[in-house]
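2 protein chains.
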Amino acid sequence: MNGQHVDIKKVRIDDEFWSTKQELIRRKVLPYQWEILNDRVPEAAPSYCMHNFKAAGRLNKNRELLGNAFREPVYTFRGFEALPEDPSSPKEDEFYGFVFQDSDFSKWIEAVGYSLATHPDKELEAVADGAIDIVCEAQLPNGYLDTYYIINGMDRSFKDLRDHHELYCLGHLIEGSISYYEATGKDKLLKAACRFADYVDSVFGYEEGKIKGYPGHEIAEMALFRLYETTGEERYKKLAEYFIDERGQAPLYFDMEHPTPKGQPYKIDYYHQAHIPVREQTEAVGHAVRAVYLYSGMADMARLSGDKRLLEACDKLWDSITKEKMYITGGIGATHLGEAFSFPYDLPNDTDYAETCASIGLVFFARRMLQIRADRKYSDVMELALFNGILSGISLDGTSFFYVNPLEVIPEAVKKDERKWHIKPVRQKWFGCACCPPNLARLVASIGTYAYTTEGDTVYAHLYMGSEISHKDTEFKFESDIPNSGKVKVTANTSGRSDVVLALRIPSWCGDKYEIKTSRELISEVRGGYLYLKGFEGETVIDIEFSMKPLIVVADNKVTEDKGRCAVVRGPVVYCMEEKDNGKSLRDIHIDTDTSIEEEITTEFGLPTVALKASGYRKISVSEGDYISPLYKTYKKEETEDIKIRLIPYRLWANRGEGEMSVYIGL
Amino acid sequence: MNGQHVDIKKVRIDDEFWSTKQELIRRKVLPYQWEILNDRVPEAAPSYCMHNFKAAGRLNKNRELLGNAFREPVYTFRGFEALPEDPSSPKEDEFYGFVFQDSDFSKWIEAVGYSLATHPDKELEAVADGAIDIVCEAQLPNGYLDTYYIINGMDRSFKDLRDHHELYCLGHLIEGSISYYEATGKDKLLKAACRFADYVDSVFGYEEGKIKGYPGHEIAEMALFRLYETTGEERYKKLAEYFIDERGQAPLYFDMEHPTPKGQPYKIDYYHQAHIPVREQTEAVGHAVRAVYLYSGMADMARLSGDKRLLEACDKLWDSITKEKMYITGGIGATHLGEAFSFPYDLPNDTDYAETCASIGLVFFARRMLQIRADRKYSDVMELALFNGILSGISLDGTSFFYVNPLEVIPEAVKKDERKWHIKPVRQKWFGCACCPPNLARLVASIGTYAYTTEGDTVYAHLYMGSEISHKDTEFKFESDIPNSGKVKVTANTSGRSDVVLALRIPSWCGDKYEIKTSRELISEVRGGYLYLKGFEGETVIDIEFSMKPLIVVADNKVTEDKGRCAVVRGPVVYCMEEKDNGKSLRDIHIDTDTSIEEEITTEFGLPTVALKASGYRKISVSEGDYISPLYKTYKKEETEDIKIRLIPYRLWANRGEGEMSVYIGL
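Which chain is which? The protein sequence lines are U and Z, in order. Using the numbering used here, you'd call the opening residue of the first sequence number 1 and step up by one each time. Using the numbering used here, you'd call the opening residue of the second sequence number 1 and step up by one each time.
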């Protein structure tokens, strides 16, 4: 169980669907984000990210200015953000923005790295090099690099692990620096990240005098394992293992750091997955992004160390999420309170959180589990999240984003009902807390590394997309029509007889109905939902078609919110109704489950896309006498009007203006 | 339009249903509440109410101790409550509890007064006299009486009208003092209330140097009108009129008192109904209890002054509540955020607030509108709220209470989902913020004054209960089987020929189907849903039976949450399903709308009560193949199991242990 993450440079993507998304990231999102980081987008909230690095760099040069007395920045009403009194002229030596603002640069440089790895771009690289220079100038001589404390006072550094994000910033810096190093071979940022990691290693751990804490927002764990795998330095692995092993051990570190207020109704440790040791955790709880980032690190550790108890915990947490707490869109986090998991089967559609970043984190976790064992239960979920709850996060034109991905929206409700204010009826320009857009950018830019993993002689194809990958003596060329149809063609080329095994995922959504033709006879075997093929010699062409019939799907009956309602899916794509196509009051619409669903190719979303048409009816209520108030009427059987329900892929909703939307349809 | 509130001593109630409730209040609630006020109930949170009056009284005696430098009491996590460090030994000279803690005494003495008026009780009266002595000793020589500031420092008195509750405490003190005076003829507390009102009158108003503010929590308005009607002193009417007229005038007083934080997403003034002048208010908004208390004061003013614009505003606000924002139970306040009204037709059943006190306030508003014009739209709602959303607030044994009255409860959800933590699956012992239990006590103890009003020669019977009332030369004896059946008998007696008119409400729930027999011919006319009868001479017996057939009722189709669901009602009683009778997963239950609903007399709730049995079925989901996760299945038509649905009156839910409950049933 030691599957390998593939080198991004080894996967060349040429796919109508995915290349378009990658180009959108490269041409629109990355340049826009750079402007954001430099506070040059008038209509967006200033980021202050590069401002902070420059301010820290200046302080760093004038070392006598680096005071130690911590100055609390002014927090404003806008969610714990330090903002200047006069936004038009922020002070040069002040920190602004969220405590984790540095990470915005790291996410950007990570996406830039992936993009450069597959699309060299001298201009972008020059901008990135300049940015790296600014960032590196902010680093303290001891390796510490978090501008919040460099600017405000180092004496409080690492004193609030629970709520401040120094180790989170370290994690993102590592991820970004490795990406940029792998793309360009330039190691300036990687060295900076290593120095910061070395400093953290010198400060945290079991040894006497070290801090026995761990990250309040996980990510450093998986980042440090990646740093270990990149540099071969054992100390990074050990540091990551320390963070994972120590988490949730009694006495609870966060409780010591922040004694619980008397009468507080719940233990904040759940929010941080720090309530019990990780190996004892069986239910996914707390802040959903934090959770899946932690579980990803745990999966890395389980793979690298062979720790069976840790793997068991990963399995249970995977099941907890995907069998009890995941929306059909691959969204996770059913409550906005704490942006968190709710209890099992509590999956409200119109008040959910389902943060784009959380689904991205679920993909991270899935890929790591696939490296441990190739089972389609991971890759199916990965694909489901990608085509639905993740890509819903970005508009077709790449300039606006959803943080929260509801499955049902009535615009009046989300505007007027404070309980739904976290839900937006249209994508927003950018966020003060800008995690989702850059997270989307780094995922899409590196999608090739999720499509494949390798282990020994085997190449696993987890996702299908037009792409080329070589493994040992064999080259594979993939052509794919997913998500429009289930057609996939693989052309394998090897000079002689090859030992390479190709493992193709049979997506569970095809119900194991697929046709396969190979140009030569191959030895085949199905295990864990993968079709293992070997015996490649010369050129071999494999044609597969996975059945992609539209299906009516219902949630488990334990999901109260979905009773009497169904969703329509086709392959990995979940569909929804929009007001634009179906009129207002979508809750009055019911589907006729006996009539087959028609497919319609539409180009209204740019690329050809399959829309669906289902037969159904609209209930029309018929007035009778009032009961006490005209608000209540004595019942009379509703009339119905036959209609065609038009459905579009969920990821594309809210690209045609504001209106009602619903994934679920009345039965 | 000047209907009179009847003197509580003139209505003698002898009714199986209501007398039992009144006895419960007299024997259980009032003594229990007195123990609570004195912190002698070990299992309940201490009130500190009488403690505070004693502490203030001591300070008052030792005037040199009355410092002026305000000491902020320690607020704890438990909802802005000042609590002692050591709960077992609170300090003698400290204020504890909520800023409005004094009002708990006033609500108690008000209920005591009503109870004494109809059930003389020397022992209770002696306890009350003692309590009044303690309270009066706390009053400052200038008339001020709010222990929070007397103890903590008078220099901040009336400096936070928006959030602190001095004028609210004044209002309750007035109401309590009048009740006690009317019951016993003792005016010590009434004089204290007048002195406090006089002091407030000297401090607030349009005149130069006076504070131009108004209550943050309304009630003083209606209380001052009542004080005017009790004492005949014009200045109390003027002060109330000032509070109503000034409310919401620009510049907004609360905004000046509390400048709005930058970027705050909504104007807090809505919460306080202080966003625009009251005559311009057309939609019921903000904190529901505050709202209906204000509207009650507005209705008093409209009646006393004949102000047409004010009456128009009252009409619009009445319609806004009852046609767009009222649950079928008479509950109001659809969101716990701000315990407030939500937008029109937003009436979620499982996350509502529907505070007991808010429905009680709706009854206050209704009675006042009935004094302006006798229209059954007010009395129907009054009765609906009483038999459902108000009486649901108290357990059958009188020892536990609901603050929040949900229409649907799944115990697991309200315990595990933080968004529903305001909802309790069983009634609670007592609350730190104890508004609902004493509010229930004062309403039930004075129910006779809601059953009747008079205007000129006319006696209006708005509610039916076994009772006697005299008007001029005529005595009316009512016998009533409501809510068990629609049978009402009235025996009128007069010595000769009488000019008195009896106006009997024809409840709208009977669909105007009723049978009436009179022992002599009377002159009759129907107006506004009332049957006006005159021509009484000697003894006249009137037998009426209002149709009380169980009805299936649906909400207006604009109520998203109730689509595809119905409620069952019988007369003014709304029914619900409980898990105890119908098993778990009530959302799977559907009613057969074509079969008639059977009635069942049960004694399991003490008095004979009508339970209902409806034919229906339970949907049983049938498993098919998984879609990606076992959480999602390809659809297969559900099977059904025929069942009898047992329904009990909503007010009686949660008297037989914890379990699921739902008013709405699947269609």
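Hints were generated in silico from the structure; no laboratory data involved. Incorrect hints may appear among the rest.
What the hints assert, rightly or not - Below 25 Å or equal to it, Euclidean Cα-Cα: the simulated DSS-like pairs (lysine-lysine) are:
1) K563/U x K424/Z
2) K637/Z x K416/U
3) K637/Z x K613/U
4) K489/Z x K472/Z
5) K416/Z x K429/Z
Each hint, compared with the structure:
1. K563/U x K424/Z: 24 Å, holds
2. K637/Z x K416/U: Since the Cα atoms of K637/Z and K416/U sit roughly 37 Å apart, the hinted pair is violated (cutoff 25 Å).
3. K637/Z x K613/U: 20 Å, holds
4. K489/Z x K472/Z: Holds, because 20 Å separates the two Cα atoms, which is no more than 25 Å.
5. K416/Z x K429/Z: 21 Å, holds
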